[in-house]
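There are 2 protein chains.
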Amino acid sequence: MNKVQPSILPGFMELLPNDQHVLDTMRNIIEKHFKKYAFLHIDTPIIERSDVLLAKGGGETSKQVYHIDHESKNMSLRFDLTVPLARYVAEHYHDIEFPFRRYQIGKVYRGERNQKGRYKEFYQCDIDIIGNDVLDIRNDAEIPAIIYDIFRELNFTNISFHINNRKLLNGLFEALEINQGEEVLRILDKIKKVRKDVFVEMLKEADCNDQQINQLMDFILFKGSNQEVLQMLNRMDLQSELFREGLFELTEVYEYMGLFNIPDANICLDLSITRGLDYYTGTVYETFLNDYESIGSICSGGRYENLALNYTNNKLPGVGISIGLTRLFYQLSAANLINYDVTPAIDVLVIPMLGYEKYGASVVTKFREANITAQLHVEEQKIKKKFNYADKLNIPYVAILGEEEYNKSSISLKNLETGHQEILSVEDAISCLKEIKQGK
Amino acid sequence: MNKVQPSILPGFMELLPNDQHVLDTMRNIIEKHFKKYAFLHIDTPIIERSDVLLAKGGGETSKQVYHIDHESKNMSLRFDLTVPLARYVAEHYHDIEFPFRRYQIGKVYRGERNQKGRYKEFYQCDIDIIGNDVLDIRNDAEIPAIIYDIFRELNFTNISFHINNRKLLNGLFEALEINQGEEVLRILDKIKKVRKDVFVEMLKEADCNDQQINQLMDFILFKGSNQEVLQMLNRMDLQSELFREGLFELTEVYEYMGLFNIPDANICLDLSITRGLDYYTGTVYETFLNDYESIGSICSGGRYENLALNYTNNKLPGVGISIGLTRLFYQLSAANLINYDVTPAIDVLVIPMLGYEKYGASVVTKFREANITAQLHVEEQKIKKKFNYADKLNIPYVAILGEEEYNKSSISLKNLETGHQEILSVEDAISCLKEIKQGK
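Residue numbers (the working numbering), protein chains in the order written: chain X, 1207 to 1646; chain S, 1207 to 1646.
Because the hints were derived from the structure by calculation, they are not lab data. Here the structure is a predicted model, which means the values were calculated and not measured. There could be a bad hint or two in this list.
Which copy? The list can't say, so a pair holds if one copy fits it or any two copies do.
Pairs of lysine-lysine residues, derived as DSSO-like cross-links and limited to a Cα-Cα distance of at most 30 Å, are as follows [as the list claims (entries may be wrong)]:
1. 1591 to 1521
2. 1209 to 1521
3. 1279 to 1269
4. 1591 to 1262
5. 1572 to 1614
6. 1564 to 1238
7. 1640 to 1238
8. 1241 to 1592
9. 1592 to 1322
10. 1262 to 1399
11. 1588 to 1402
12. 1572 to 1238
13. 1591 to 1241
14. 1269 to 1241
15. 1643 to 1241
16. 1643 to 1572
17. 1429 to 1241
18. 1279 to 1262
19. 1269 to 1398
Model the full assembly from the supplied sequences, consistent with the hints where possible.
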């Protein structure tokens, strides 16, 4: 019979079970904290109506959308979780309680060209808080608090939240009478990426004069402690309502980030952060691992005025952030930075000697009743091979059952790391394994 | 601005957060037991190469496959989790340890016509144990034990596992000199669905004579206790090696199901169970909720000789079962049979009075540090509206913080179900909420 070559498509991530378990642990940590902060789970379809997904139109992303080859010609795979959220909130507007705090962790699809570390199918982990018409600014301070908790559990404590507020810049544009605000914002986003002379040239092309350029650069490059940044902004005393609003909001967000227990050392009020996407209107975040800045921002987000304006006239302001799980896992793995606690997927492998399989079945059942993750290995194989199997699967303990153990209603429990082995009653073995499990 | 109608495609399931939480609880129960029985998680791409997915060719399913409209013309959405498993095991054969116990919970896609309760996107929850060349028969007894644990936690104890072994029927065909075995098997699968005279006519058309038909019907319709079924089979003493193998296997599986703690009352050795799919070769299972037989088999599966024969020459026998989560949830909801314990998604809503928002932020942070799921509600709204919000979201407790509470470093904790309210120190409130959470 002709065989089909078994392989996945290029640009898709697929892991072996041990690596999958490490990724799952990261995912579980993320989800645990999303829940702890009272975000509700939703699970939207991966296939949506093309006209819904592409309502905004244009952009690089729309070229990367996978369409389904189907008579209706109106089915596509989602390319992010934000557009489906907008559609969800607009569609279920009357059945949703606001503020609506939702999380979603799911696969999204982009037909990007093949590149190392870029995937066509990847997980996004999104949280957003959506208000009905209004949403209190203090919500903006909670978002980085969640991210802080997550990365602390992932063993990254040296993390920086770079926070800014778009209203400050837009207010500054007002005060400096800069007209091409959107274009200038896009240029300012490149401050860390291009040479200074190129940068200045770009601003000139966007109709900025020398004085404007100097004031813009002094502003976004201001360095100082968080208190000094706020003092500087207060001293500016610009004649712009928008600027004053931005300053009030940034001050509130900064203060509440502290109340939500983010240490000041992890907060960086950074006037150079703008975020390229044009739908952010207030607070913007980027997040960096200080020891590994080359990885870039590990999650970004911000405040937007109107989530679902393509679908509804209801004004739905929100604030949110997204973690690109697949890419983050790839980057941390590649840089050898996976350093969080991964509990074993399987606690114990039960190996009965020939003729003691039934005893093995009853022991493994008792383990499972005690919520110990246990596998019975009754295949006809040499015991050495079974130990090797436990080793390969990172199973820390084996329980060996033979005549002696059966006669004593006991098991021989062997710690594969230390080599230590002892005969224990089944009950004592359960207590021992539970203690180890909980101690982890 | 023109608005796009916000809606999902017909035939897709999407839930509001409260219902989603009920579904998630079911999913978590399933996953918990899969893990407890030492199945390892894998997560294959939803998009696979079309030639891989359709290697087997033909069949109703292949017409329902969604293809991606892409230049490569070789990308499709998976329609089950079995084909991707076969591809995975063949592809990673040298990196997998056997027996390979894997679980996967994921969305699969079938372009079925629109029908109530049938979805084009649905979750399957699969477990399989794959051997390299051989796989011990006692694995077949573990599979229903897992399903039993799951449905017990879902509060269905009156569940029946109908078990048979294909080798018995195939052996009987040998002994009765029935040639069109596959065709006859397909007909026998219809025993419960068609009238007796129609059934007999179908068998005649498959070249069975009256004597063969009588013996077949006596066999598959045999009624008796499990012991009586085994005794009857032993008495038959057929001249067929295959039959003897089937009898040995069925006896082993039955005995070990008991050792894995499935009560005999929940096991039904049922010689009429054949399962339509032609790739089962030994043990076959169907599972029924006895009080709701109209729902049909809630999960089915069995033993197969060769998982990945389309991709590799390695012989990979396996045994597995699949739960169709989306459909099961739909059926149980529609029949009002959701009866398992659903813990609240959010434990407590923290409502600070005007001017006490900062105290609110510090209280909610303490709750979260104690792993209590807590939400801070600082929107400018009447308190009645906030209580109503808690009610709609099924949040059982609210913590109210005003001047008195602030001065005493305490909170007023109100149970929304009983109406009971008391002032507690933050620490006591934490203890109280943790106790309630753990007691659930």
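A quick look at each hint next to the structure:
no. : hint         : result
1   : 1591 to 1521 : between (64 Å within a copy, 20 Å between copies)
2   : 1209 to 1521 : between (56 Å within a copy, 13 Å between copies)
3   : 1279 to 1269 : both (16 Å within a copy, 17 Å between copies)
4   : 1591 to 1262 : neither (58 Å within a copy, 34 Å between copies)
5   : 1572 to 1614 : within (16 Å within a copy, 49 Å between copies)
6   : 1564 to 1238 : between (39 Å within a copy, 25 Å between copies)
7   : 1640 to 1238 : both (22 Å within a copy, 16 Å between copies)
8   : 1241 to 1592 : between (39 Å within a copy, 20 Å between copies)
9   : 1592 to 1322 : neither (37 Å within a copy, 49 Å between copies)
10  : 1262 to 1399 : within (28 Å within a copy, 51 Å between copies)
11  : 1588 to 1402 : neither (69 Å within a copy, 52 Å between copies)
12  : 1572 to 1238 : both (29 Å within a copy, 16 Å between copies)
13  : 1591 to 1241 : between (42 Å within a copy, 23 Å between copies)
14  : 1269 to 1241 : neither (34 Å within a copy, 40 Å between copies)
15  : 1643 to 1241 : both (23 Å within a copy, 14 Å between copies)
16  : 1643 to 1572 : both (16 Å within a copy, 26 Å between copies)
17  : 1429 to 1241 : neither (36 Å within a copy, 51 Å between copies)
18  : 1279 to 1262 : both (18 Å within a copy, 27 Å between copies)
19  : 1269 to 1398 : within (28 Å within a copy, 52 Å between copies)
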